[in-house]
Amino acid sequence: MNRESNRINTIKWGSNAILNFMFLCGAAICILPLTLIIILSFTSEDSLLKNGYSFFPSEWSLEAYRYVAAVGDVIFRAYGTSIFVSLLGTFLSLIVICLYAYPLTRSSFRFRNQFSFIAFFTMIFGGGLVPWYVVYTQLVPLKNTIWVMIVPYLMNAWFMMIMRTFIKTTINESILESARIDGAGEYRTFFVIVLPLCRAGLATIALFCLLNYWNDWYLPLVFITDAKLFNIQYLMYQTLTSIQYLMSGSANFVQARDIGAGLPSESARMAVAVLSIGPIVLAFPFFQRFFVKGLTIGAVKG
Amino acid sequence: MGCEKIMTELIPQAYVPARKRRNKYGNFIRTNGPLLTMLIPGLIILLINNYIPMFGIIIAFKQYRFVGNFFESVIKSKFIGFNNFSFFFNTPYAYIMTRNTILYNLVFITLDIIVPVMLAIALNEIRGKTLSKVYQSLMFLPYFLSWIIVSYLAYSLLSVDKGFFNIGILRSLGIDLVEWYSEPAYWPFILVFFHMWKYTGYNVVVYLAAISGIDSEYYEAASIDGATKWQQIKHITLPMLKSLMIILTLLAVGRIFNADFGLFYNVPRNSGSLMNATMVIDTYVYTALMNTNNIGMAAAAGAYQAVIGCITVFTANLIVRRIDKDMALF
Numbered sequence: 001m002n003r004e005s006n007r008i009n010t011i012k013w014g015s016n017a018i019l020n021f022m023f024l025c026g027a028a029i030c031i032l033p034l035t036l037i038i039i040l041s042f043t044s045e046d047s048l049l050k051n052g053y054s055f056f057p058s059e060w061s062l063e064a065y066r067y068v069a070a071v072g073d074v075i076f077r078a079y080g081t082s083i084f085v086s087l088l089g090t091f092l093s094l095i096v097i098c099l100y101a102y103p104l105t106r107s108s109f110r111f112r113n114q115f116s117f118i119a120f121f122t123m124i125f126g127g128g129l130v131p132w133y134v135v136y137t138q139l140v141p142l143k144n145t146i147w148v149m150i151v152p153y154l155m156n157a158w159f160m161m162i163m164r165t166f167i168k169t170t171i172n173e174s175i176l177e178s179a180r181i182d183g184a185g186e187y188r189t190f191f192v193i194v195l196p197l198c199r200a201g202l203a204t205i206a207l208f209c210l211l212n213y214w215n216d217w218y219l220p221l222v223f224i225t226d227a228k229l230f231n232i233q234y235l236m237y238q239t240l241t242s243i244q245y246l247m248s249g250s251a252n253f254v255q256a257r258d259i260g261a262g263l264p265s266e267s268a269r270m271a272v273a274v275l276s277i278g279p280i281v282l283a284f285p286f287f288q289r290f291f292v293k294g295l296t297i298g299a300v301k302g
Numbered sequence: 001m002g003c004e005k006i007m008t009e010l011i012p013q014a015y016v017p018a019r020k021r022r023n024k025y026g027n028f029i030r031t032n033g034p035l036l037t038m039l040i041p042g043l044i045i046l047l048i049n050n051y052i053p054m055f056g057i058i059i060a061f062k063q064y065r066f067v068g069n070f071f072e073s074v075i076k077s078k079f080i081g082f083n084n085f086s087f088f089f090n091t092p093y094a095y096i097m098t099r100n101t102i103l104y105n106l107v108f109i110t111l112d113i114i115v116p117v118m119l120a121i122a123l124n125e126i127r128g129k130t131l132s133k134v135y136q137s138l139m140f141l142p143y144f145l146s147w148i149i150v151s152y153l154a155y156s157l158l159s160v161d162k163g164f165f166n167i168g169i170l171r172s173l174g175i176d177l178v179e180w181y182s183e184p185a186y187w188p189f190i191l192v193f194f195h196m197w198k199y200t201g202y203n204v205v206v207y208l209a210a211i212s213g214i215d216s217e218y219y220e221a222a223s224i225d226g227a228t229k230w231q232q233i234k235h236i237t238l239p240m241l242k243s244l245m246i247i248l249t250l251l252a253v254g255r256i257f258n259a260d261f262g263l264f265y266n267v268p269r270n271s272g273s274l275m276n277a278t279m280v281i282d283t284y285v286y287t288a289l290m291n292t293n294n295i296g297m298a299a300a301a302g303a304y305q306a307v308i309g310c311i312t313v314f315t316a317n318l319i320v321r322r323i324d325k326d327m328a329l330f
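Note that the protein sequences, when read in sequence, are chains A and B.
With my numbering applied, the first sequence closes on residue 302, and no number is skipped along the way.
With my numbering applied, the second sequence closes on residue 330, and no number is skipped along the way.
Note that these hints are calculated values from the structure, not bench results.
If you're wondering where the values come from, they're calculated on a predicted model, not measured in any experiment.
Every clue listed holds true.
Selected chain B positions facing chain A (Cβ under 7 angstroms, derived; list incomplete):
1. P41
2. N50
3. I52
4. P53
5. F144
6. K162
7. A306
8. V313
By construction, the Cβ of each residue, glycine as well, lies at the ideal position given by its N, Cα and C atoms.
Hey, can you work out the whole structure from these sequences and the hints?
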């Protein structure tokens, strides 16, 4: 190591180059499969049948997207379901999580340890799939309703603990005390003082929840059999098994069939996948910033 | 206080205002009441989603029949002791899925601690913060994709007649094509690859956040004293990351009986011939419940998983407590 680089305490140019090369490869491995999906969605069906799934298709085409637009009602419905569930779910989930997290940060609250434990215990012990399934089908009959894709994720002990840590580190109890002296009740203090001060924490948890709901395929897999309620992820799951799925429920079935005898089934599948990733990739830079922040908070033991 | 006490003793009860008599109780309600009501929505969800299912574990000891309502059917179903369990452990699957679940998780835990820490340290050392940010973002992206998308990616790489590996690589090299979805031998590697593919970026970000929290004065002091980069990593960075590494590993060890259902169910596309390499407890429970409709066996497998899983968490925690009390989870 020469003197200059030692003084500013950085690595040598040689090792820097090796590291850069390593990360370039790593980044490529992470990105290339995704790129392949995007390329495939723009490849013509002939080319797919002839050359397989290739990074360099012999013929580009938009027919997959045209096809998706034609039989779109199934896809748009699923898209709509996903959007509805994600937005409403995130909103409700934020309320539930924050309302639970806030009392646990108050030193004057008698039972904060007990209730922390009640939430924490669910992280280490669970009843398993069968009783859970039976509860949602028989005790709280939500099976095959849109609510079953929202309710199970409303309360998340892990997010709650991140939120608790966030509130604890952001809010000084003296502010709460002065609010109390000015005559504000607990709820008023919570909504008018605590929540606005925790905007960054709220944004982080909101993004966690949003991603959770948008990417969810498990709840529909377990609870939804009614094709009208499929969300976009579950529709893709069904589509990977059979492309027929996109058409069977479509009111534009005849019109879809007229588009051509050779349905662009392979590329259409990929087009749906691209459409479902779209919002995430667009929001990614925004997402990432808050995620890093949230993880930093989460890494601090609560 | 004293005066008040005398008053209550001398004056008949009726004269003491009710508010004063129940002062203690009233105080308690005033300070804790509103906060308690805030907990209600969360408690209801926890009850439905977590605590009632815990009670439902007794389904595993019953011949479950649905009569009328949930609690009634759980209680009135015929009690058959450990019959479900003995049926379950007499299938060859019990061994296969336990072995797979534990082995995969051991590999994941080991790699999840070594690879991300190495990458995070390297990423932190790279000259040029822009490049390091770009790498970090690109590696983080897979974390945001659902397992369904990952199964699409896997399919586009591994499909027998069109997949990129078969057609793009093996055929152009003149090597025999591989039937990826029916050859169990490759799957341990494929599954580990996709696990790492999805989660490495996330873990790197976690460790990077921890590294950036280390006071830079340590490094300055060390480099003034002539410590090399390796020495700094070994004596400053790694010790500072130790507690985070232990906590994350502890969490993972505690969940060693819980497999990542998304990975094991979606990526192999539920292919029967891969079962030996891909079946884990979670996928078994799901298939037993949904496809073969065998509630008893599924419940027994689930209960087995839950109880052993809980024991592992407590054991792991106990061991860490012995080593360093501050690092224990509870």
